[in-house]
Amino acid sequence: MRRLIYLAPLVFLVVVVAGFAMGLRRDPSLLPSTLIGKPLPSFSLPPVDPQAPGLTSADMTGGGPRLLNVFGSWCVSCRYEHPVLMALKSQGVAIEGVDWKDTRADATRFLAAEGNPYDRIGDDEAGHTVIDLGVAAAPETFVVDRHGRVRYKQVGPITPEVWTATIAPLMARLKSE
Amino acid sequence: MIAEIGQLALILALCLAVVQASSLLIGAWRLDAALMSMGRTAAVLQAVFIAIALAGLGTAYVAGDFSIALVAEHSNSAQPLLYRIGATWGSHEGSMILWVFILAVYGAAIALAGGTLRESLKARVLAVQGAVGAAFLGFLLLTSNPFQRLVPAPFDGAELNPVLQDPGLVFHPPVLYLGYVGLSIAFSFGVAALIEGRVDANWARWVRPWVLAAWIFLTIGITMGSVWSYYTLGWGGWWFWDPVENASLMPWLLATALLHSCLVLEKRGALISWTILLSILAFSMSMVGTFLVRSGVLTSVHAFAVDPKRGVYILGMIAVMTGLALGLFAWRAPKFRTGALFTAVSKEYAITVNNLFLAAATATVFLGTFYPVFVDALHGDKISVGPPYFNATFAPIFMLLFVLVSFGPLLNWKRDAVGPMLARLKWPALAAVLAVVGAMLIFGVGHVMAALGFALGAWLIAGSGVVLARRWRPADREGFWGRVRATPLAIFGLALAHAGLGVTTVGITAMAGWQSNAVIAMTPGQSLTLAGKSVTLTGLRAIAGPNYEAAQARFAINTLAGPRVLISERRFYPDSQTTTTEAGINVGLLGNVYISIGDRAANGGLVVRLWNHPLVNFIWGGAFMMAFGGMVSLADRRLRVAVVSRSRAPAPVPAKPLEPATA
Numbered sequence: 001m002r003r004l005i006y007l008a009p010l011v012f013l014v015v016v017v018a019g020f021a022m023g024l025r026r027d028p029s030l031l032p033s034t035l036i037g038k039p040l041p042s043f044s045l046p047p048v049d050p051q052a053p054g055l056t057s058a059d060m061t062g063g064g065p066r067l068l069n070v071f072g073s074w075c076v077s078c079r080y081e082h083p084v085l086m087a088l089k090s091q092g093v094a095i096e097g098v099d100w101k102d103t104r105a106d107a108t109r110f111l112a113a114e115g116n117p118y119d120r121i122g123d124d125e126a127g128h129t130v131i132d133l134g135v136a137a138a139p140e141t142f143v144v145d146r147h148g149r150v151r152y153k154q155v156g157p158i159t160p161e162v163w164t165a166t167i168a169p170l171m172a173r174l175k176s177e
Numbered sequence: 178m179i180a181e182i183g184q185l186a187l188i189l190a191l192c193l194a195v196v197q198a199s200s201l202l203i204g205a206w207r208l209d210a211a212l213m214s215m216g217r218t219a220a221v222l223q224a225v226f227i228a229i230a231l232a233g234l235g236t237a238y239v240a241g242d243f244s245i246a247l248v249a250e251h252s253n254s255a256q257p258l259l260y261r262i263g264a265t266w267g268s269h270e271g272s273m274i275l276w277v278f279i280l281a282v283y284g285a286a287i288a289l290a291g292g293t294l295r296e297s298l299k300a301r302v303l304a305v306q307g308a309v310g311a312a313f314l315g316f317l318l319l320t321s322n323p324f325q326r327l328v329p330a331p332f333d334g335a336e337l338n339p340v341l342q343d344p345g346l347v348f349h350p351p352v353l354y355l356g357y358v359g360l361s362i363a364f365s366f367g368v369a370a371l372i373e374g375r376v377d378a379n380w381a382r383w384v385r386p387w388v389l390a391a392w393i394f395l396t397i398g399i400t401m402g403s404v405w406s407y408y409t410l411g412w413g414g415w416w417f418w419d420p421v422e423n424a425s426l427m428p429w430l431l432a433t434a435l436l437h438s439c440l441v442l443e444k445r446g447a448l449i450s451w452t453i454l455l456s457i458l459a460f461s462m463s464m465v466g467t468f469l470v471r472s473g474v475l476t477s478v479h480a481f482a483v484d485p486k487r488g489v490y491i492l493g494m495i496a497v498m499t500g501l502a503l504g505l506f507a508w509r510a511p512k513f514r515t516g517a518l519f520t521a522v523s524k525e526y527a528i529t530v531n532n533l534f535l536a537a538a539t540a541t542v543f544l545g546t547f548y549p550v551f552v553d554a555l556h557g558d559k560i561s562v563g564p565p566y567f568n569a570t571f572a573p574i575f576m577l578l579f580v581l582v583s584f585g586p587l588l589n590w591k592r593d594a595v596g597p598m599l600a601r602l603k604w605p606a607l608a609a610v611l612a613v614v615g616a617m618l619i620f621g622v623g624h625v626m627a628a629l630g631f632a633l634g635a636w637l638i639a640g641s642g643v644v645l646a647r648r649w650r651p652a653d654r655e656g657f658w659g660r661v662r663a664t665p666l667a668i669f670g671l672a673l674a675h676a677g678l679g680v681t682t683v684g685i686t687a688m689a690g691w692q693s694n695a696v697i698a699m700t701p702g703q704s705l706t707l708a709g710k711s712v713t714l715t716g717l718r719a720i721a722g723p724n725y726e727a728a729q730a731r732f733a734i735n736t737l738a739g740p741r742v743l744i745s746e747r748r749f750y751p752d753s754q755t756t757t758t759e760a761g762i763n764v765g766l767l768g769n770v771y772i773s774i775g776d777r778a779a780n781g782g783l784v785v786r787l788w789n790h791p792l793v794n795f796i797w798g799g800a801f802m803m804a805f806g807g808m809v810s811l812a813d814r815r816l817r818v819a820v821v822s823r824s825r826a827p828a829p830v831p832a833k834p835l836e837p838a839t840a
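Protein chains in written order, with my numbering: chain A, 1 to 177; chain B, 178 to 840.
Treat the hints as calculated values from the structure; they're not laboratory data.
A few of these clues could be false.
To be verified - Here are the simulated lysine-lysine pairs, DSSO-like style, with alpha carbons at most 30 angstroms apart:
no.: 1; chain 1: A; residue 1: K175; chain 2: A; residue 2: K89
no.: 2; chain 1: A; residue 1: K38; chain 2: B; residue 2: K486
no.: 3; chain 1: B; residue 1: K710; chain 2: A; residue 2: K101
no.: 4; chain 1: A; residue 1: K153; chain 2: B; residue 2: K710
no.: 5; chain 1: A; residue 1: K153; chain 2: A; residue 2: K175
no.: 6; chain 1: A; residue 1: K101; chain 2: A; residue 2: K89
no.: 7; chain 1: B; residue 1: K591; chain 2: A; residue 2: K153
no.: 8; chain 1: A; residue 1: K38; chain 2: A; residue 2: K101
As the list claims (entries may be wrong) - Here are a few chain B residues that face chain A, going by a calculated C-beta distance under 7 angstroms:
no.: 9; residue: A286
no.: 10; residue: V474
no.: 11; residue: G488
no.: 12; residue: L492
no.: 13; residue: A496
no.: 14; residue: T499
no.: 15; residue: L503
no.: 16; residue: G504
no.: 17; residue: A507
no.: 18; residue: P511
no.: 19; residue: V550
no.: 20; residue: F551
no.: 21; residue: A554
The beta-carbon is built from N, C-alpha and C at its ideal position, and this holds for glycine as well.
Modelling step: build the complete structure from the supplied sequences, incorporating the hints.
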């Protein structure tokens, strides 16, 4: 019995080291969205291009699963992500956009030069909707199911790897739901 | 050339560390004097070679050798010289060189100065120290090479993180590391004792000055960090329960416990296994802190750039080194003789209870700091543990501990009686009661916690006073001054340290109860009154520093000592696109007025945050008093060690006569 007490510190160390080892595999800066499984907060945004429709939360329900991409023409990572979005559009993926803290002129120029992957774009120059969405930095992308519920949030650009490994399988599953 | 010399010096130091560990271990086992002598030489040379590497890196920073990747990443030619020197340890790699350098210097100090230490024990201590050094040098060379070249070399470098460009960087890390790494000596002594299978009073007598030195450095280092974050982060707080602050607090708590348990072991031969365990755990906590800062397992203001390989290596190092040490402990410690017996009313007992409280406090901080890691690992949930947890758990433990602090020094060793003990405590108790009554009269009955805090402060300070007063009461022909002169320095050290704790407690209490702040948008000429002090924004201008641009705001404030000008700046460092805040602080004995400026408000005014911080300087003043008390005590100790070394007498296991109320 006395010997066991002397063994306790070693046992404690083993537990702690195991915990640290598991903790090492996780990135503490990645925060999951609190919106997962919940409907999108309601919003109604004017269009960037006055000829086109704007974007409201009601537009996010019905049809199939879709992506909601928060971007800005000023955002370097968004430019990096842009070709991937264009490729997804050509595959028939539905993408809606929220243009964040941007001027209409800059956004129009950006989309004219790089192509427009979005079905609809809402202009959130003041950034209030983006705060409701809990977005920290562009780009962030929400995967929204047909009932308008958030199922996944991608922080940072969607790369081809992220698309094939994570988002594409999820979209396929949501289609069959 | 410098980079290659530095690199080679580190590789040689690693080889020497391996030689040191193996030759001393075998030498001590075979009692081979030649091998042991070789190991000691290796320990000294190891320090020399790491000094060469550190000096090489420092030279490269000063000269601006941007062909070294580390230099190019953390300095540029516009950076002031002071911060180019400081940048030597401002990065992960550079700070690890400083770490291994200090580790090796401690080892060399033992090799050169450990005169009266038993030959075989000294050899084993140095062997363990060498093994620890080899592990850290391996970490440096394998995962964090500071001398990596950058091809092609850039014309100019990037920049040291602007938040670090502060005189604090020059002093805070080296002092803190002297503390963290100093605990490695305790670790080495602990493991050496387990290898030998014997612990005696001499062991404690030898290890205690090292623990005390490490504790002093740790105390100063943590305090300096707290002051630095206070004036530089612009939040006006002194402790944030940030994971890395906690990582420095845990070794400090355990070192404090170790300091006291060593005393019991030295004077009374008790608490043997517990002391050994503490000596292992204190340094292990230093390593856990290293892991935390450098692995990316938690996010913190202190975190270095993260490479998962480093986390794995440090974790492996903790697993192997602490694992082996605790394995030895489980094997050998049960065979140690149990210590001398003592009753429930005795100095030993008071110190034992103090140790339990310190251990519980450490466990509390450990749990709060790492709970998010464990929850994330088990459930994938992201949570954070903040001040409410620590206030609810750590604070009550510490308040109880503070009550106990005044008991220990006034109790006799081995056996004391309740009646006389209470009689000795009547003045501290009276002081505490007066503090409660005073606080309630001045501030109202509602402030119960604040009254308790002040009472604890008074109790601690008066308790220290009684320790001295009991020795000085002129009851014989020596008279008062004769008695003051006859008081050992260690007693003065004890009184200073415990009173310092009381001073800190008073500061914390005042800050917790009465700090106030206001945030408004001010235009030049406008005044604001907070806590009876009127502050006027007198001027606003743009200035250019050596490597930054700043908006500088000047404020006029009327203090008891006359009118003062406070300057707060918001600096923008274009090289790293970073903004920092320089707070304007009016430092006073009764408290500080703290101003930090923000951005321009929508109406064209300047956003100004103004704080009143009552008695905040008591917090750091008390902490420095503690450290100073440690130094005073250390001065005494060195004297005594020197006496032993002259007489060359192997001091016997203590059968010292009972001294009335001594440290």
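The hints, checked one at a time:
1. Only pairs whose Cα atoms come within 30 angstroms are accepted, and A/K175 paired with A/K89 is accepted, the gap being roughly 17 angstroms.
2. For the proposed pair A/K38 and B/K486, the alpha carbon gap of about 37 angstroms is over 30 angstroms, so the pair is violated.
3. The suggested pairing of B/K710 with A/K101 is violated, with an alpha-carbon distance near 41 angstroms, which exceeds 30 angstroms.
4. A C-alpha spacing of about 49 angstroms is found between A/K153 and B/K710, which places the hinted pair above 30 angstroms, so the restraint is violated.
5. Our distance criterion of 30 angstroms between C-alpha atoms is met by A/K153 and A/K175, whose separation comes to about 17 angstroms.
6. The hinted pair formed by A/K101 and A/K89 meets the criterion: a straight-line CA distance of about 24 angstroms does not exceed 30 angstroms.
7. Restraint check for B/K591 and A/K153: not satisfied, since their Cα atoms lie roughly 65 angstroms apart, outside the 30 angstroms limit.
8. About 25 angstroms separates the Cα atoms of A/K38 and A/K101, which keeps this hinted pair within 30 angstroms; it holds.
9. The beta carbon of B/A286 comes no nearer than 28 angstroms to any beta carbon in chain A, farther than 7 angstroms, and the hint placing it at the interface is violated.
10. At about 5 angstroms, the closest approach between the beta carbon of B/V474 and any beta carbon in chain A falls short of 7 angstroms, and the interface hint on this residue holds.
11. Evaluation of the B/G488 hint against chain A yields a held restraint, the C-beta minimum of about 5 angstroms falling below 7 angstroms.
12. Interface restraint check: B/L492 against chain A, minimum CB-CB distance 5 angstroms, threshold 7 angstroms, status holds.
13. Annotation: B/A496 was flagged as interfacial toward chain A, and the flag holds, the nearest CB pair being 5 angstroms apart, inside 7 angstroms.
14. Proximity of B/T499 to chain A holds as hinted, the smallest CB-CB distance being about 6 angstroms (cut-off 7 angstroms).
15. Contact between B/L503 and chain A, as hinted, is supported at the beta carbon level, the nearest pair being about 4 angstroms apart and thus within 7 angstroms.
16. With a cut of 7 angstroms, the hint placing B/G504 at the interface with chain A holds, because the nearest CB-to-CB distance is about 6 angstroms.
17. For B/A507, the suggested interface contact is upheld, since its CB lies about 4 angstroms from the closest CB of chain A, less than 7 angstroms.
18. A distance limit of 7 angstroms between C-beta atoms decides the matter here; for B/P511 the minimum to chain A is near 5 angstroms, and the interface restraint holds.
19. Interface hint status for B/V550: upheld, as the beta-carbon distance to the closest one in chain A is roughly 4 angstroms, under 7 angstroms.
20. Proximity of B/F551 to chain A holds as hinted, the smallest CB-CB distance being about 5 angstroms (cut-off 7 angstroms).
21. About 3 angstroms separates the beta-carbon of B/A554 from the nearest beta-carbon of chain A, less than 7 angstroms, and the hint is met.
Checked against the numbered hints above, the structure violates hints 2, 3, 4, 7, 9; every other hint is satisfied.
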